[in-house]
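Chain by chain, the residues:
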Amino acid sequence: MSTELSPQAAYHEVIELLGPEALKDKLRQMHLIRAFEEKVDELFLMGRTYGTLHLSIGQEATNVGSLGALAKGDYFLSHHRGHGHFLTWSDDPNRVMADILGKATGFWRGKGGTMHIADVANGNLGGNGIVGGGLPIAVGVGLSIKLRRSEQVCMVIFGDGAANEGAFHESLNMASIWKLPLVYLCENNQYAMSTPLSKAFNIRHISERAAAYGIPGVTVDGNDFFAVYLTVREAVERARRGDGPTLVESVTYRIKGHSRSDRQAYRTREEVRSWQEPDRDPILRLTRTLQAAGIISEAEADSLRQQAVERVEQAVAFADSSPDPDPATLLEDVYA
Amino acid sequence: MPVPVYLPRFDPSHKSSTILRWLVSEGAAVREGDPVCEVTSDKVDMEIEAPADGTLAGVQYPVGAEVPAATVIAYVLAEGESTADLPQPAAAAPAKSGATDGSRISPVARRIAEERQIALDTVTGTGPGGRITRRDVETALPAPPGKVRATPAARRLAREFDVPLENISGSGPRGRVQGTDVQALVDQRQAAISQSGATTKPQVIKLEGMRRAIAARMQHSSQTAPHIFVEVQVDGSRIEQLRSAIKARGERLSVTALLVKACAWALQRHPRLNATLEDDVLSLWPKPHIGVAVALDDGLIVPVIHAAQAHSLRQTQTAVDDLAARARSGSLRPDDLAGGTFTISNLGMFAVDRFTAIINPPQVAILAAGRMARQFVPNEHDQPTLCPVMNLVLSVDHRAADGADAARFLADLKAVLEEPDLMLW
Amino acid sequence: MRELTYREALREALQQAMEADPTVFLIGEDIGVYGSAFGITAGLQEAFGEERVIDTPISEAGIAGACVGAALTGMRPVGDMQFSDFILLSMEQLVLQAAKMRYMFGGQAKIPLVMRLPGGSGTGASAQHSGSYENWFVGVPGLKVVMPSSAYDAKGLLLAAIDDDNPVMFFEHKLLYNTKGDVPAEPYRIPLGQTHRVREGRHVTVVATSIMVSRALEAAETLAQEGIELEIFDPRTLRPFDDGPIIKSVKKTGRVLIVYEAVEMGGFGGEVAARIAGSEAFDYLEAPVRRLAGKDVPMPQSRVLEYQAVPQVESIVTEGRKLARNEY
Numbered sequence: 001m002s003t004e005l006s007p008q009a010a011y012h013e014v015i016e017l018l019g020p021e022a023l024k025d026k027l028r029q030m031h032l033i034r035a036f037e038e039k040v041d042e043l044f045l046m047g048r049t050y051g052t053l054h055l056s057i058g059q060e061a062t063n064v065g066s067l068g069a070l071a072k073g074d075y076f077l078s079h080h081r082g083h084g085h086f087l088t089w090s091d092d093p094n095r096v097m098a099d100i101l102g103k104a105t106g107f108w109r110g111k112g113g114t115m116h117i118a119d120v121a122n123g124n125l126g127g128n129g130i131v132g133g134g135l136p137i138a139v140g141v142g143l144s145i146k147l148r149r150s151e152q153v154c155m156v157i158f159g160d161g162a163a164n165e166g167a168f169h170e171s172l173n174m175a176s177i178w179k180l181p182l183v184y185l186c187e188n189n190q191y192a193m194s195t196p197l198s199k200a201f202n203i204r205h206i207s208e209r210a211a212a213y214g215i216p217g218v219t220v221d222g223n224d225f226f227a228v229y230l231t232v233r234e235a236v237e238r239a240r241r242g243d244g245p246t247l248v249e250s251v252t253y254r255i256k257g258h259s260r261s262d263r264q265a266y267r268t269r270e271e272v273r274s275w276q277e278p279d280r281d282p283i284l285r286l287t288r289t290l291q292a293a294g295i296i297s298e299a300e301a302d303s304l305r306q307q308a309v310e311r312v313e314q315a316v317a318f319a320d321s322s323p324d325p326d327p328a329t330l331l332e333d334v335y336a
Numbered sequence: 001m002p003v004p005v006y007l008p009r010f011d012p013s014h015k016s017s018t019i020l021r022w023l024v025s026e027g028a029a030v031r032e033g034d035p036v037c038e039v040t041s042d043k044v045d046m047e048i049e050a051p052a053d054g055t056l057a058g059v060q061y062p063v064g065a066e067v068p069a070a071t072v073i074a075y076v077l078a079e080g081e082s083t084a085d086l087p088q089p090a091a092a093a094p095a096k097s098g099a100t101d102g103s104r105i106s107p108v109a110r111r112i113a114e115e116r117q118i119a120l121d122t123v124t125g126t127g128p129g130g131r132i133t134r135r136d137v138e139t140a141l142p143a144p145p146g147k148v149r150a151t152p153a154a155r156r157l158a159r160e161f162d163v164p165l166e167n168i169s170g171s172g173p174r175g176r177v178q179g180t181d182v183q184a185l186v187d188q189r190q191a192a193i194s195q196s197g198a199t200t201k202p203q204v205i206k207l208e209g210m211r212r213a214i215a216a217r218m219q220h221s222s223q224t225a226p227h228i229f230v231e232v233q234v235d236g237s238r239i240e241q242l243r244s245a246i247k248a249r250g251e252r253l254s255v256t257a258l259l260v261k262a263c264a265w266a267l268q269r270h271p272r273l274n275a276t277l278e279d280d281v282l283s284l285w286p287k288p289h290i291g292v293a294v295a296l297d298d299g300l301i302v303p304v305i306h307a308a309q310a311h312s313l314r315q316t317q318t319a320v321d322d323l324a325a326r327a328r329s330g331s332l333r334p335d336d337l338a339g340g341t342f343t344i345s346n347l348g349m350f351a352v353d354r355f356t357a358i359i360n361p362p363q364v365a366i367l368a369a370g371r372m373a374r375q376f377v378p379n380e381h382d383q384p385t386l387c388p389v390m391n392l393v394l395s396v397d398h399r400a401a402d403g404a405d406a407a408r409f410l411a412d413l414k415a416v417l418e419e420p421d422l423m424l425w
Numbered sequence: 001m002r003e004l005t006y007r008e009a010l011r012e013a014l015q016q017a018m019e020a021d022p023t024v025f026l027i028g029e030d031i032g033v034y035g036s037a038f039g040i041t042a043g044l045q046e047a048f049g050e051e052r053v054i055d056t057p058i059s060e061a062g063i064a065g066a067c068v069g070a071a072l073t074g075m076r077p078v079g080d081m082q083f084s085d086f087i088l089l090s091m092e093q094l095v096l097q098a099a100k101m102r103y104m105f106g107g108q109a110k111i112p113l114v115m116r117l118p119g120g121s122g123t124g125a126s127a128q129h130s131g132s133y134e135n136w137f138v139g140v141p142g143l144k145v146v147m148p149s150s151a152y153d154a155k156g157l158l159l160a161a162i163d164d165d166n167p168v169m170f171f172e173h174k175l176l177y178n179t180k181g182d183v184p185a186e187p188y189r190i191p192l193g194q195t196h197r198v199r200e201g202r203h204v205t206v207v208a209t210s211i212m213v214s215r216a217l218e219a220a221e222t223l224a225q226e227g228i229e230l231e232i233f234d235p236r237t238l239r240p241f242d243d244g245p246i247i248k249s250v251k252k253t254g255r256v257l258i259v260y261e262a263v264e265m266g267g268f269g270g271e272v273a274a275r276i277a278g279s280e281a282f283d284y285l286e287a288p289v290r291r292l293a294g295k296d297v298p299m300p301q302s303r304v305l306e307y308q309a310v311p312q313v314e315s316i317v318t319e320g321r322k323l324a325r326n327e328y
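Protein sequence lines, in the order shown, are assigned to chains H, E and F. Numbering follows our numbering, in which position 201 of the first sequence is assigned residue number 201; successive positions increment by one, without gaps. Numbering follows our numbering, in which position 140 of the second sequence is assigned residue number 140; successive positions increment by one, without gaps. Numbering follows our numbering, in which position 39 of the third sequence is assigned residue number 39; successive positions increment by one, without gaps.
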């Protein structure tokens with residue numbers, strides 16, 4: 001069954017749950033993502049990055065809202081558009097920037113790339129360059145949690161396009177029959193590269209597919225931080241209780257192209273601009289709500305943006321002053 | 001600050017794009033996100049968007065220009081800014097021309113032609129447009145001589161035993177020479193030699209241990225030190241007298257011990273020969289540390305009498321005997337072998353008349369003494385008299401000293417051996 | 001010493017591994033009550049329970065991915081792919097994930113999984129159920145590739161593979177399951193990455209894998225009567241490959257025959273040949289390096305054709321004889 005949650009109801013509950021300081025922190029995290037991605041985009045234009053990039057601008061609420069519902073010690077698997085996840089989980093823009101600029105001081109020592117940032121010891125099981133690649137792996141993580149009798153939960157994050165991979169179906173099926181402690185978070189930004197939803201799906205909501213596997217499926221407004229947070233939180237608790245997996249579809253919008261070589265002929269500028277309006281942009285919406293609730297002032301909100309910009313500048317400086325990976329390490333880390 | 005408009009690098013392999021159209025002219029207003037320019041790329045034509053609101057200015061490239069990726073192509077001026085605020089243009093990158101120099105000949109062909117010194121005007125090009133290809137150059141090469149068909153094993157054995165492959169008939173398919181064919185030939189030759197009785201199979205002794213070490217040192221010395229050999233004959237009459245006198249006391253003086261003392265005396269007067277030479281550095285040692293060569297069953301060892309000038313003749317004899325005994329029993333210590341500045345080798349006890357010795361590196365000289373033998377020599381009246389005579393040959397490293405140095409040393413040595421009383425001086 | 005079949009030896013390895021280490025579990029299709037398609041896991045679900053011997057739906061990518069995810073988070077899964085051909089449905093998880101994760105994550109991860117793969121022809125199972133795909137994985141850094149050729153090797157290599165902290169592709173041969181050999185009762189490990197000399201000889205160096213090892217041994221008996229001695233090597237592990245003993249042998253014999261079931265072109269034999277040609281053994285070759293391998297066809301179904309499609313004892317004898325007699 002899919003439902004649309006009412007944003008109005010959501011935020012009171014979340015304020016109760018999290019409290020004003022934590023909420024301000026969420027806004028801060030979202031600003032960090034936005035500032036980071038804008039800077040990385042700029043670096044790309046200047047030719048300072050190597051390889052392409054997949055930016056999360058516009059998807060900050062779903063990033064922060066979903067990961068915010070996990071506990072320390074939980075796992076998540078991300079995908080190629082994962083900077084928002086890595087930044088939120090690690091709060092370490094220095095190292096993420098170092099990874100993106102190919103330096104030795106990031107998380108993967110020059111080996112992985114923008115799509116493969118991981119911090120395994122802390123539960124970040126990595127991004128994935130293969131669409132849907134994390135879905136079967138999630139089954140294994142779920143099995144491992146169960147066999148170890150642990151109370152951890154694993155959230156596997158994937159896009160609308162991945163829901164059509166065969167692996168998606170194998171994974172949901174296995175997770176459902178074994179009641180694995182998983183949360184399937186589909187970040188539906190409405191385009192799989194150039195393919196809009198209407199051309200790839202014969203159903204209205206991806207969450208409807210949950211029914212095929214006998215598990216709950218929910219669709220939420222992915223640009224509403226409160227809705228995302230509440231829904232994912234419920235799914236996480238369900239998993240932790242042992243009641244099995246949930247499919248959460250978080251509908252959002254990708255402001256930039258799929259990657260930097262995307263001409264975006266498949267959508268209009270008007271459409272893109274419309275998602276940047278204050279009633280749709282995730283950061284503007286959260287700011288407005290927090291201001292209305294008296295939790296944050298306009299000046300505070302501005303300074304959060306400013307601080308994020310500064311932190312990102314520092315991250316660039318950190319990365320720039322970091323050494324390149326030593327060629328002598330080329331053959332290392334292949335085998336354990 | 002004017003905001004730069006970049007031609008982005010669309011993907012890692014994207015090198016450049018051509019400007020197809022400017023959609024906005026200089027001076028026109030733009031909003032952020034408005035397309036301002038259309039360019040080519042590998043996939044589809046792409047639009048470049050204005051990065052900010054303002055006025056387009058400072059267009060860097062006209063239609064048709066080829067622009068390297070990640071380059072500024074224009075600027076957007078904010079309100080209040082003017083073209084005066086634009087940064088000075090960098091030297092424009094020259095547009096690449098289509099045709100390149102390498103169209104007449106391929107790079108590989110050019111390299112082969114250079115290596116094999118083939119004049120390109122003698123080569124006919126069969127590539128597109130008469131382009132010279134690798135194949136064309138290779139056909140212009142002189143044909144290699146006929147090669148023998150042989151296995152790698154055959155070639156290795158042929159190299160090892162210096163057997164020309166051309167003369168061997170091969171037992172392999174299509175006449176290929178096998179390693180076994182070469183081996184058979186070698187064995188045949190060996191058998192022929194044995195049959196002729198010239199040699200039977202030799203006993204093979206691998207050079208190891210001390211023998212090998214000596215071999216290495218001698219080879220090194222012989223190859224690196226330019227040896228000169230200077231010789232004198234010494235009248236041994238006074239030596240014999242001295243030895244008899246000592247024998248009468250019930251003790252013994254050997255020629256070797258006397259040579260040690262005499263050389264010590266002479267070396268103090270010829271410091272250039274009491275030296276070591278290492279890496280172009282000649283060290284002149286203040287005291288003579290004289291090595292005495294001792295023959296062992298499996299080699300040669302040279303224990304050293306340190307500060308030989310300080311001992312009396314008797315003490316010298318004791319030292320020589322002690323070192324020789326310990327050498328033979330294998331109980332020399334490292335100290336006994338270190339620090340020598342000159343060496344004496346006496347083969348007189350083997351009835352050798354004379355010989356030349358190889359210098360013991362890093363020393364610069366070595367004295368080879370032959371036996372004392374009675375010979376007829378002219379006396380002061382030019383009458384033949386019988387006299388004990390000993391041949392001394394001094395080998396000297398010509399890098400350290402000249403023939404004249406050697407001669408002067410020997411002159412003094414001869415003098416003191418012919419008149420031992422001089423040692424008191 | 002008691003004798004076990006190759007099948008029983010594998011089962012004993014799994015059982016002993018699971019007894020010793022609670023993080024080891026089995027996952028695959030029909031491995032529970034059914035005991036797996038070739039009977040290797042019979043009795044194990046009864047002994048260890050459904051949690052540790054997990055039957056799955058028909059989802060090869062899911063099975064492989066489950067192994068990756070479990071291995072990544074502290075377990076030691078042993079996947080069963082039923083027929084090695086089905087591994088192709090899970091290539092992405094094995095090649096793009098399992099093999100590369102450790103490297104991409106800068107050394108942070110380890111993926112200690114084993115994928116057991118019953119492969120090979122000789123049962124009339126035709127083209128989609130009879131393949132040999134070990135060479136596909138030899139080209140992937142991050143994976144290990146193992147092929148046991150006997151009951152003794154099967155147990156020792158499987159225990160070593162389970163112990164190894166890297167993903168191991170474990171290629172069994174269907175025709176070997178019923179073959180018998182001496183197998184020690186206690187757990188033992190045969191080190192991965194070490195080539196094994198199975199037979200000593202003076203005239204031809206033979207490199208054989210999987211079922212070709214026993215066929216080469218039989219051929220050696222025949223040729224010995226003609227005075228031709230084969231020296232036979234079983235790499236046991238194809239990646240990483242220990243070529244040292246083989247190169248040493250070629251220096252002695254000067255002649256090489258590489259025997260394997262997979263299709264000749266692009267197969268492991270090319271790797272061995274290139275290594276020999278590029279080594280100091282080159283100067284000792286008396287004949288070209290020869291390969292005897294699978295014919296360039298999908299596996300035919302009829303018995304007669306299937307037999308012709310891969311090396312048999314007679315063809316090894318013929319090749320060995322020709323090499324020794326300088327006919328190449």
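If you are wondering where the hints come from, they were derived from the structure by calculation, not from laboratory data. Any given hint could be a false lead.
Calculated lysine-lysine pairs in the DSS-like style (CA-CA distance at most 27 Å, straight line) [to be verified]:
(1) H:103 - H:199
(2) H:103 - F:322
(3) E:287 - E:206
(4) H:39 - E:287
(5) F:322 - F:295
(6) H:256 - E:414
Sample of chain F residues at the chain E side, in silico, Cβ under 10 Å [said to hold, decoys possible]:
(7) 133
(8) 136
(9) 138
(10) 141
(11) 270
(12) 274
(13) 278
(14) 283
(15) 327
(16) 328
C-beta: ideal position from N, C-alpha, C; glycine also.
Practice item. Let me know if the C-beta of residue 270 of chain F comes in closer than 10 Å to any C-beta of chain E, holds or violated. Key: Violated, because the Cβ-Cβ distance from residue 270 of chain F to chain E comes to roughly 19 Å (cut-off 10 Å).
**Study point:** Hint check, residue 141 of chain F versus chain E [nearest Cβ-Cβ separation less than 10 Å]
**Key:** violated (22 Å)
Check your understanding: Holds or violated: is the Cβ of residue 133 of chain F closer than 10 Å to a Cβ in chain E?
Key -> violated (32 Å)
Review point. Hint check: is the beta carbon of residue 138 of chain F less than 10 Å from a beta carbon of chain E?
Key: With Cβ-Cβ at 26 Å, over 10 Å, it is violated.
Point to revise | Interface hint for residue 328 of chain F, Cβ within 10 Å of any Cβ on chain E | key: holds (7 Å)
Check your understanding: Holds or violated: residue 283 of chain F as interface residue toward chain E, Cβ cutoff 10 Å?
Key -> Result: holds, 4 Å to nearest chain E Cβ.
Check your understanding: Quick one, are residue 287 of chain E and residue 206 of chain E close enough, alpha carbons at most 27 Å?
Key -> Violated, at roughly 39 Å.
**Study point:** 27 Å Cα cutoff - pair residue 103 of chain H, residue 322 of chain F
**Key:** The hint is violated at about 57 Å.
Check your understanding: Taken at face value, is the distance from the CA of residue 295 of chain F to the CA of residue 322 of chain F at most 27 Å?
Key -> holds (19 Å)
Check your understanding: Taking only the CA atoms, is the gap from residue 103 of chain H to residue 199 of chain H under or equal to 27 Å?
Key -> violated (40 Å)
Point to revise | When the least beta-carbon distance from residue 278 of chain F to chain E is tested against 10 Å, hint result | key: violated (12 Å)
Point to revise | Given pair status - residue 287 of chain E, residue 39 of chain H, alpha carbons within 27 Å | key: Since the Cα atoms of residue 39 of chain H and residue 287 of chain E sit roughly 79 Å apart, the hinted pair is violated (cutoff 27 Å).
The structure is inconsistent with the numbered hints 1, 2, 3, 4, 6, 7, 8, 9, 10, 11, 12 and 13, although it conforms to all the rest.
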